[in-house]
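Taken in sequence, the protein lines are chains A and B.
Using the working numbering, read the first sequence as starting at 30 and increasing by one per residue.
Using the working numbering, read the second sequence as starting at 641 and increasing by one per residue.
Be aware that a few hints might be false.
[What the hints assert, rightly or not] Covered stretches of chain B (chain A as the covering partner; in silico rule of three or more C-beta atoms under 8 Å from a C-beta of chain A):
id, stretch
1, 696 to 710
2, 745 to 756
[To be verified] Within a straight-line C-alpha distance of at most 16 Å, the following computed EDC-like cross-link-like pairs (lysine to aspartate or glutamate) qualify:
id, chain 1, residue 1, chain 2, residue 2
3, B, K664, B, E706
4, B, K743, A, E129
5, B, K689, A, E129
6, B, K743, A, D88
7, B, K743, A, D59
The hints are simulated quantities; they were obtained by calculation from the structure and are not laboratory data.
Here the structure is a predicted model, which is why all the values come from computation and not from measurement.
Just so you know, even glycine gets a beta-carbon here, dropped at the ideal spot from N, CA and C.
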Amino acid sequence: EAAVTQSPRSKVAVTGGKVTLSCHQTNNHDYMYWYRQDTGHGLRLIHYSYVADSTEKGDIPDGYKASRPSQENFSLILELASLSQTAVYFCASRGQGGAETLYFGSGTRLTVL
Amino acid sequence: AQSVTQPDARVTVSEGASLQLRCKYSYFGTPYLFWYVQYPRQGLQLLLKYYPGDPVVQGVNGFEAEFSKSNSSFHLRKASVHWSDWAVYFCAVSMHTGGLSGKLTFGEGTQVTVIS
Numbered sequence: 030e031a032a033v034t035q036s037p038r039s040k041v042a043v044t045g046g047k048v049t050l051s052c053h054q055t056n057n058h059d060y061m062y063w064y065r066q067d068t069g070h071g072l073r074l075i076h077y078s079y080v081a082d083s084t085e086k087g088d089i090p091d092g093y094k095a096s097r098p099s100q101e102n103f104s105l106i107l108e109l110a111s112l113s114q115t116a117v118y119f120c121a122s123r124g125q126g127g128a129e130t131l132y133f134g135s136g137t138r139l140t141v142l
Numbered sequence: 641a642q643s644v645t646q647p648d649a650r651v652t653v654s655e656g657a658s659l660q661l662r663c664k665y666s667y668f669g670t671p672y673l674f675w676y677v678q679y680p681r682q683g684l685q686l687l688l689k690y691y692p693g694d695p696v697v698q699g700v701n702g703f704e705a706e707f708s709k710s711n712s713s714f715h716l717r718k719a720s721v722h723w724s725d726w727a728v729y730f731c732a733v734s735m736h737t738g739g740l741s742g743k744l745t746f747g748e749g750t751q752v753t754v755i756s
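Same shape as in the complex, but just chain A (with noise of 0.2 Å):
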């Protein structure tokens, strides 16, 4: 069974601090990505990366960095938070070609205050 865990489940930070989310896959693949989501737009991919150690820019990469120090790894960052970043995040993972399916983390529920 394909496996991805994400931490934290939930986390409240304030406006100009510093959030990383992580998360960890132990389906041997490749591609790994962070997703968005907020009411009536679905999911909008933020970051994903290939190969460990490169990442790259999604659709709205303003205001989030990304980094992927190892295959299983792939983290999110928040240098400086932003109310307009409440939201939940997803990371998920899929292996080469682009019928692949995409595995989902159970979710990170961020709040900016």
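Model the placement of chain B on the given structure of chain A, informed by the hints.
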């Protein structure tokens, strides 16, 4: 650029009734298409996916979807809804080839509410 539209934000259906969720996509060429489901407080799970070939795709839990290139659609159907189908359903499109292959673009989602 690829895009997906789910025109119905919310659908209410009686248990045992049929269900159809609409999905329209915009993509140059023949895409890979997916339906994912999100149960309350969980991540997304794959229901079914379309490869070029048979336009009707069978998925889990009695769901099926039909691809139409002429209508740029990939509608999801279920003959008889169960209360456990209460969830949010997402349609998604993926590029075929190249370095960005597998980048999924999601629709806004359709919330399905099941009533008795």
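Verification of the hints:
Only residues whose beta carbon comes within less than 8 Å of a beta carbon in chain A count, and the stretch 696 to 710 of chain B has 0; fewer than three means the coverage is violated. Judged by the Cβ-Cβ criterion of 8 Å, the stretch 745 to 756 of chain B is covered by chain A as claimed, because 5 of its residues qualify and three suffice. Between the alpha carbons of K664(B) and E706(B) the distance comes to roughly 12 Å, so the proposed pair stays at or under 16 Å and holds. With a C-alpha separation of about 10 Å, the suggested pairing of K743(B) with E129(A) holds against the 16 Å cut-off.
A hinted pair counts as satisfied when its Cα atoms are at most 16 Å apart, and K689(B) with E129(A) qualifies at roughly 9 Å. Between the alpha carbons of K743(B) and D88(A) the distance comes to roughly 10 Å, so the proposed pair stays at or under 16 Å and holds. In summary, the hint linking K743(B) to D59(A) is supported, as the alpha carbons are separated by about 13 Å, within the 16 Å threshold.
In summary, the one numbered hint that this structure violates is 1.
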